[in-house]
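Enquirer: Spelled out from the first residue to the last, the chains are:
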Amino acid sequence: MFTKYHPTKGEMLQILSPEGKIINTKFQPEISTEKVLQAYKLMVYTRTVDLKTVSYQRQGRMYTYAPNFGQEASMIGTGFHMNQEDWLVPSYREMGAFFHRGVTPTDIWLYWGGHEDGAKFPKATNTLPISVPIASQIIHAAGIGYGLKLQKQKGIVYTYFGDGGTSEGDFHAGLNFASVWKAPVIFICQNNQYAISLRQEKQMASSNIAIKSLAYGMPGIQVDGNDFFACYSATQKAAQHIEEGKGPVLIEALTYRRGAHTTADDPSRYRSKEEEKIWEEKDPILRLKRYLVAQKLWSEEDDTKLTQQYEEEVEAEFLEYEKYPPYELNDVFQYLYNTMPDDLVKQKQEYEKYLAWKESRS
Amino acid sequence: MPEITVREALRQAMDEEMARDDRVFLMGEEVAEYNGAYKVSQGLWEKYGDRRVIDTPITEYGFTGVGVGAAMAGLRPIIEWMTYNFSAMAYDQVLNNAAKTLHMSGGQINVPIVFRGPNGPAEFLSSQHSQALQSIYAHIPGLKVVSFSTAYDGKGLLKTAIRDDNPVMFLECELMYGWKDEVPEEEYLIPFGKADIKRAGKDVTLISYSKPVRMVLQAAEKLAEEGIDAEVLDLRSIRPLDEESIYKSVRKTNRCVVIDESWPFASVGSHVAWLVSTNCFDDLDAQVEFISSEDVPMPYNHTLELAVQPSVEKIVKAAKKVLYV
Ligand SMILES: Cc1ncc(C[n+]2csc(CCOP(=O)(O)OP(=O)(O)O)c2C)c(N)n1
Ligand SMILES: [Mg+2]
Chain H
665 MFTKYHPTKG
675 EMLQILSPEG
685 KIINTKFQPE
695 ISTEKVLQAY
705 KLMVYTRTVD
715 LKTVSYQRQG
725 RMYTYAPNFG
735 QEASMIGTGF
745 HMNQEDWLVP
755 SYREMGAFFH
765 RGVTPTDIWL
775 YWGGHEDGAK
785 FPKATNTLPI
795 SVPIASQIIH
805 AAGIGYGLKL
815 QKQKGIVYTY
825 FGDGGTSEGD
835 FHAGLNFASV
845 WKAPVIFICQ
855 NNQYAISLRQ
865 EKQMASSNIA
875 IKSLAYGMPG
885 IQVDGNDFFA
895 CYSATQKAAQ
905 HIEEGKGPVL
915 IEALTYRRGA
925 HTTADDPSRY
935 RSKEEEKIWE
945 EKDPILRLKR
955 YLVAQKLWSE
965 EDDTKLTQQY
975 EEEVEAEFLE
985 YEKYPPYELN
995 DVFQYLYNTM
1005 PDDLVKQKQE
1015 YEKYLAWKES
1025 RS
Chain R
32 MPEITVREAL
42 RQAMDEEMAR
52 DDRVFLMGEE
62 VAEYNGAYKV
72 SQGLWEKYGD
82 RRVIDTPITE
92 YGFTGVGVGA
102 AMAGLRPIIE
112 WMTYNFSAMA
122 YDQVLNNAAK
132 TLHMSGGQIN
142 VPIVFRGPNG
152 PAEFLSSQHS
162 QALQSIYAHI
172 PGLKVVSFST
182 AYDGKGLLKT
192 AIRDDNPVMF
202 LECELMYGWK
212 DEVPEEEYLI
222 PFGKADIKRA
232 GKDVTLISYS
242 KPVRMVLQAA
252 EKLAEEGIDA
262 EVLDLRSIRP
272 LDEESIYKSV
282 RKTNRCVVID
292 ESWPFASVGS
302 HVAWLVSTNC
312 FDDLDAQVEF
322 ISSEDVPMPY
332 NHTLELAVQP
342 SVEKIVKAAK
352 KVLYV
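If you read the protein sequences in the order shown, they are chains H and R. Sequential numbering from 665 applies to the first sequence in the working numbering. Sequential numbering from 32 applies to the second sequence in the working numbering.
Next up, chain H with everything else stripped away, as it sits in the complex (with noise of 0.2 angstroms):
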């Protein structure tokens, strides 16, 4: 795959076609009918939350957040590979993966509504919390990986991260580190095409971001990032050559983030509409299911039944997320260092003491 796919051929690897038809059966991956309808049902569900939550901060009820729509195939199609030993190490678009993990929707709302138990993920393992600084998670990835590998320990670590990452010289350290030391990393590029406001072109000269492995020594590809199959079955390859010992890859799945880049952005001012309905006729999801439809293992009224179940659940919990209790004033002295040093203990007592006066006033 990795040689049919050379990124200098500029070829992007796709399975599915927007229609919904396999239009390449050698690459098809090894996947069970069964995990295929569970992958869907977790796009579905990761669109859902991420749309409810939309409207929720929309409502006033949550703060600002990076939403997902239009990259359930880019994250879940990669992410859908792990198993309980690997590592996800994310940056902030990717809660299909996060799901896949074990992490819970409350553990999302809690981490972008402003609460501090939001990075704890009580249900998952091996799972960094969400990582905004553009790229600083691309090295780490690199040396949980060498850890791994120097400790003889199962796993694979993948990690993520956007087109406008790649700029960072996180970006160049990660890959060369986890390639001079055959480190077992699948390094996953969200491309899709725009930091911010700013597009692909300007962001870089090459022809694709895939081709960058060649400069590490890795094999790079760029698959459709819209095509759940090609994204799995690009990720499937990734982790047998590390297994075989072969060290990391690069996955570029080319995408495009139909929502906004945060709920503060509008992408109006920087894209036009035709663009946003090119986009919108080769959805991830869409696509999936006209596959699932026509090989009649899923139906519209599955769907509808689906999508419905999933937001009544999806309210539910949200309903229940907003009475979690308030963090508390201990808590933001309490995980600064394995135990407390006495000058800060000493400061807590003196805001105790600050906070009794306060109460006295008034």
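Treat the hints with care, since some could be wrong.
Listed below are the simulated DSS-like cross-link pairs for lysine-lysine, each with C-alpha atoms no more than 25 angstroms apart in a straight line [claimed, not checked]:
hint, chain 1, residue 1, chain 2, residue 2
1, H, K784, H, K987
2, H, K1012, R, K352
3, H, K866, R, K78
4, R, K279, R, K225
5, R, K279, H, K1017
6, R, K351, H, K1017
Label-pair restraints from in silico Cβ distances [what the hints assert, rightly or not]:
hint, chain 1, residue 1, chain 2, residue 2, range
7, R, L126, H, R722, 41 to 49 angstroms
8, R, E47, H, T667, 52 to 60 angstroms
9, H, K941, R, E154, 48 to 56 angstroms
10, R, E154, H, G881, 16 to 24 angstroms
11, H, M1004, R, E154, 26 to 34 angstroms
12, R, L220, H, K673, 53 to 61 angstroms
13, H, E940, R, Q249, 56 to 64 angstroms
By construction, these hints were calculated from the structure, which means they are not laboratory data. In this text the structure is predicted, and so the values were computed from the model without any measurement. Here a beta-carbon is modelled for each residue, glycine too, at the ideal position from N, C-alpha and C.
With chain H fixed as given, assemble chain R with the ligands onto it according to the hints.
Expert: Chain R with the ligands only, in chain H's frame:
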């Protein structure tokens, strides 16, 4: 005099200086077509085009370093960091290059560059995006560091910064961009190294700079209700620091509270408090009080993020403490 926002005042300063001097250009993430993440560069790209208002890829290290190089070549770059938090990625270019080149080239190559962007806490931005980093930069010889608390000061100081022949760290605040005050239409500049009395008083000197000044003024009003007449001194320029104005005020009131929204340890505020303690020892009727943010990363939760920062209440309490009331 027209009232304008801080955002508009900063935009005018850049616009006027770009019109005046073709060597001045603006570079950073989202500054051109998007008009800046906080809209400070509104309209500049339309007016000056791609040559002088430049959108960069996301590499703070890269565009900061390119700016330093361009300054060495005789240009006068204004580098916008989307926030000062991202200056961390570019730190080596500031610390070891911008601040050192004149010194290390034996005075031959100067770096006339302005680094600007919002610094310090805003709202709901959590630990990695709410940091007040002035103390880190004020620590470095070779840099100038300035802040402001009004649109008027912001405009005058930014123009001075752009004309300065040295690297200048220009500190803005996200929450201040919408603040308004009177700014004259005719041109003016504000020199570095001059503090400003924002409220004259005789009982206690409250020293601050940047966004907290407004809060300090509110505290002064609260104190006035209790019959305490506070003087509020806005440092504006941190390096160079106007020590004379500080001492003059403290020698008048004999009492001093320093308010700084950065962390307490080795900070601008702790340094000023030490200067006052040393140089006004015989004039002080009470120990100097110092209010900073708590010594912890910024919580995300809104109640807590307010709780760890300086507040009107904390300032009132400290002022009363030095007055023994
Ligand atoms: C070091 C750093 N610089 C700048 C920012 C501000 N910022 C947040 S998201 C973003 C764009 C990122 O684009 P990309 O990597 O393509 O990811 P996408 O948002 O498209 O998923 C920028 C510049 C940041 N968070 N961190
Ligand atoms: Mg992007």
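Enquirer: Okay, K941 of chain H versus E154 of chain R on CB: inside 48 to 56 angstroms?
Expert: Violated - the Cβ-Cβ distance for K941 of chain H and E154 of chain R, about 36 angstroms, lies outside 48 to 56 angstroms.
Enquirer: Quick one: are E940 of chain H and Q249 of chain R within 56 to 64 angstroms, going by C-beta?
Expert: At 46 angstroms between Cβs, range violated.
Enquirer: Taking the CB of L220 of chain R and the CB of K673 of chain H, does the distance hold inside 53 to 61 angstroms?
Expert: holds, 58 angstroms
Enquirer: 52 to 60 angstroms was suggested as the range; check whether the CB atoms of E47 of chain R and T667 of chain H agree with it.
Expert: holds, 58 angstroms
Enquirer: Okay, E154 of chain R versus G881 of chain H on CB: inside 16 to 24 angstroms?
Expert: violated, 46 angstroms
Enquirer: Between the alpha carbons of K279 of chain R and K225 of chain R, is the straight-line distance 25 angstroms or under?
Expert: Holds - the C-alpha atoms of K225 of chain R and K279 of chain R are around 13 angstroms apart, at most 25 angstroms.
Enquirer: Under the criterion that the straight-line Cα-Cα distance not exceed 25 angstroms, is the pair K784 of chain H, K987 of chain H satisfied?
Expert: holds, 18 angstroms
Enquirer: Is K351 of chain R close enough to K1017 of chain H, meaning Cα to Cα at most 25 angstroms?
Expert: Roughly 16 angstroms between the alpha carbons, so the hint for K351 of chain R and K1017 of chain H holds.
Enquirer: Within 41 to 49 angstroms: is that where the Cβ-Cβ distance between L126 of chain R and R722 of chain H falls?
Expert: Given a distance of about 43 angstroms, which is inside 41 to 49 angstroms, the answer is holds.
Enquirer: Could you grab the alpha-carbon distance between K866 of chain H and K78 of chain R and see if it respects the 25 angstroms cut-off?
Expert: At roughly 20 angstroms apart (the allowed maximum being 25 angstroms), K78 of chain R and K866 of chain H satisfy the hint.
Enquirer: Is it true that the CA of K279 of chain R sits at most 25 angstroms from the CA of K1017 of chain H?
Expert: Violated, at roughly 33 angstroms.
Enquirer: Quick check: does the Cβ-Cβ distance between M1004 of chain H and E154 of chain R fall within 26 to 34 angstroms?
Expert: At roughly 27 angstroms between Cβ atoms, E154 of chain R and M1004 of chain H fall inside 26 to 34 angstroms, so the hint holds.
When the structure is compared with the earlier hints, violations turn up for hints 5, 9, 10 and 13 and for no others.
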